[in-house]
Amino acid sequence: MGRQHQADHRKHDLLGQHLRSISKIPLLTAAEEINLARMVQRGRALEALSETLEARTAQGPIPTEALALEAGITIQELKRQLKAAKRAKERMINANLRLVVTIAKRYGNSLLELDDLIQEGNLGLIKAVDRYDPTRGYKFSTYAYWWIRESITRGIAKHGRTVRLPVHIIEILIKLQKSQRLLHQKLKRNPTLHEIAEGTGRSLTEVREVLQSAQAPISLDSKTGENDDQELLELIASNLDPTDAPTILELMKRDVHKALNQVTKPEKDLLMMRHGIECPDELSLSAAARKMGITRDSARGIERRASQSIAKLSSHMKDYIFP
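Just so you know, we're using our numbering here: the sequence shown kicks off at 1 and counts up by one.
Please keep in mind that the hints were generated in silico from the structure rather than gathered at the bench.
A portion of the hints provided could be inaccurate.
As the list claims (entries may be wrong) - Computed list of lysine-lysine pairs in DSS-like fashion (alpha-carbon distance at most 27 Å, straight line):
id, residue 1, residue 2
1, Lys178, Lys258
2, Lys186, Lys175
3, Lys127, Lys158
4, Lys175, Lys188
5, Lys89, Lys258
6, Lys258, Lys186
7, Lys105, Lys83
8, Lys105, Lys139
9, Lys178, Lys105
10, Lys188, Lys139
11, Lys89, Lys105
12, Lys127, Lys186
As the list claims (entries may be wrong) - Across the chosen pairs, the derived CB separations fall in these ranges:
id, residue 1, residue 2, range
13, Arg181, Asp115, 47 to 57 Å
14, Ala84, Gly293, 50 to 60 Å
15, Ile25, Arg296, 49 to 59 Å
The beta carbon of each residue, even a glycine, is placed where N, CA and C say it ideally should be.
Generate the whole structure from the sequences, applying the supplied hints.
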């Protein structure tokens, strides 16, 4: 028992050191973010070109000289671009580690320890950096939120269970989740098992057995997360394919606009300009005020009311606007 306590204490100390360390890393400006993302994109393009050449020749790794020739640049420039891409990726990852911690803490009551949740979230962050396209008009943190959240929830489903579920059970759970959400929206309450069975075209017995098989070690309707606002069923399996970046962008866009539609038009316009949503750049409060034809004080009041309105929304929508 003493050894376990010491191990837990060391683990807690290491986590504390990590959190203190990342808190000192400066955040990126919008211009830095775009510039670094372009470097990463260029590096990914060169890697893709190398893979294409390798598949075409079927002779193993492509020599640097051949890759430079195919890319139409010198060997020195090729090395410079690849090195710049690597450094840019590291900077983008490091500057957003705090975002991972913020999201991971929402799942603090799950079956994984916080450091494990952070580790899962970091994997999602890395994917986000690799796939981010700055020309889409979204801030990186807004885009990365999807990848981090999906990586954490899938990690909980995959690793946080005493009993691993067969794939076909996971697939059924996805359908039950979808039916549960649709019925909840329609009925304005949590549906019964019988209603979920009817909604999915499955027998009551099958629905009950599938849910029971997924209950160990805690119930599917147990609340999880920092705000106790999410059910475990939502965490077991998501019907979003994390490799499908266009799908993520569409869902993200839908949720952002759903959140913004809860506020007045002036509040919506101001938030979109202030946070660079579907805008080339983030605008200062003064610049946004000038564009709207109002005073800076009026703009500040609108932003304050909008912040209060957004704060009342569900946590994942709020994070898009104020990550």
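These are the hints, each one checked on the structure:
no., hint, verdict
1, Lys178 x Lys258, "19 Å, holds"
2, Lys186 x Lys175, "17 Å, holds"
3, Lys127 x Lys158, "18 Å, holds"
4, Lys175 x Lys188, "19 Å, holds"
5, Lys89 x Lys258, "31 Å, violated"
6, Lys258 x Lys186, "18 Å, holds"
7, Lys105 x Lys83, "34 Å, violated"
8, Lys105 x Lys139, "22 Å, holds"
9, Lys178 x Lys105, "25 Å, holds"
10, Lys188 x Lys139, "34 Å, violated"
11, Lys89 x Lys105, "24 Å, holds"
12, Lys127 x Lys186, "35 Å, violated"
13, Arg181 x Asp115: 47 to 57 Å, "31 Å, violated"
14, Ala84 x Gly293: 50 to 60 Å, "42 Å, violated"
15, Ile25 x Arg296: 49 to 59 Å, "31 Å, violated"
Hints 5, 7, 10, 12, 13, 14 and 15 from the earlier list are contradicted by this structure; the remaining hints agree with it.
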